[in-house]
Amino acid sequence: EAGVVQSPRYKIIEKKQPVAFWCNPISGHNTLYWYRQNLGQGPELLIRYENEEAVDDSQLPKDRFSAERLKGVDSTLKIQPAELGDSAVYLCASRSGGGRASTGELFFGEGSRLTVL
Amino acid sequence: SQKIEQNSEALNIQEGKTATLTCNYTNYSPAYLQWYRQDPGRGPVFLLLIRENEKEKRKERLKVTFDTTLKQSLFHITASQPADSATYLCALNSGGGADGLTFGKGTHLIIQP
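Residue numbers (the working numbering), protein chains in the order written: chain X, 1 to 117; chain L, 1001 to 1113.
Source of the hints: derived by calculation from the structure; they are not laboratory data. If you're wondering where the values come from, they're calculated on a predicted model, not measured in any experiment.
Some chain L residues well away from chain X (every beta-carbon gap over 12 Å; in silico):
{"#": "1", "residue": "Pro1082"}
{"#": "2", "residue": "Ser1085"}
{"#": "3", "residue": "Ile1110"}
{"#": "4", "residue": "Gln1112"}
Just a few of them, taken from the derived set where beta-carbon distance is under 7 Å, the chain L residues facing chain X:
{"#": "5", "residue": "Arg1042"}
{"#": "6", "residue": "Gly1043"}
{"#": "7", "residue": "Pro1044"}
{"#": "8", "residue": "Phe1046"}
{"#": "9", "residue": "Leu1089"}
{"#": "10", "residue": "Phe1103"}
{"#": "11", "residue": "Gly1104"}
{"#": "12", "residue": "Lys1105"}
{"#": "13", "residue": "Gly1106"}
Residues of chain L placed beyond 12 Å of chain X at every Cβ, according to the derived structure:
{"#": "14", "residue": "Ser1001"}
{"#": "15", "residue": "Asn1012"}
{"#": "16", "residue": "Glu1015"}
{"#": "17", "residue": "Gly1016"}
{"#": "18", "residue": "Lys1017"}
{"#": "19", "residue": "Thr1026"}
{"#": "20", "residue": "Asn1027"}
{"#": "21", "residue": "Tyr1028"}
{"#": "22", "residue": "Lys1071"}
{"#": "23", "residue": "Gln1072"}
{"#": "24", "residue": "Pro1113"}
We put the CB at the ideal spot given by N, CA and C, even for glycine.
Could you put together the complete structure from these sequences and hints?
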């Protein structure tokens, strides 16, 4: 079974340019997460989806970040315009089930490393 | 404010010894806590989950304890091997139902041969 697939693995852009990251979760996983991880830090949640609904986007900088999960499967995270401080690894994760009874593990992709010059 | 604290310094352990990693938290009341392993350039990989009503959980050479009074979890690797060298992250559910998962900064473990 394929794991969580992310692309691109690496992206280098100049500040003020747009960038987009794509995530394909494990088949059948209803819950999808986008995390940002800075060097030497733990992952920080940006947004969580239950199927196609964003149920927690409180940490997403909405002035420049946007995300979508059409049809409740693949998801795209966009930054426009990018700033120097956006340099980080963007991790996508998925989990089966959902709701208050869910305590399952998260399956992470390999991440997309963004460098903003 | 809410905090999750893990050993900020790298932990150096001699091969064959037991490595013990600490995760302390404040201003959370987690229903469960998870531990993940992360290798350089890779995404985190799930290791163990322990619930608030469980004191201890084991999986092969791994053991996790959870003390809700001390607000602390300990993660042990017995008979450590150089291949165990990695960053270990603790994560706990932070409210918003069972799905809000917050991570600590991680502890970098180095097992020396």
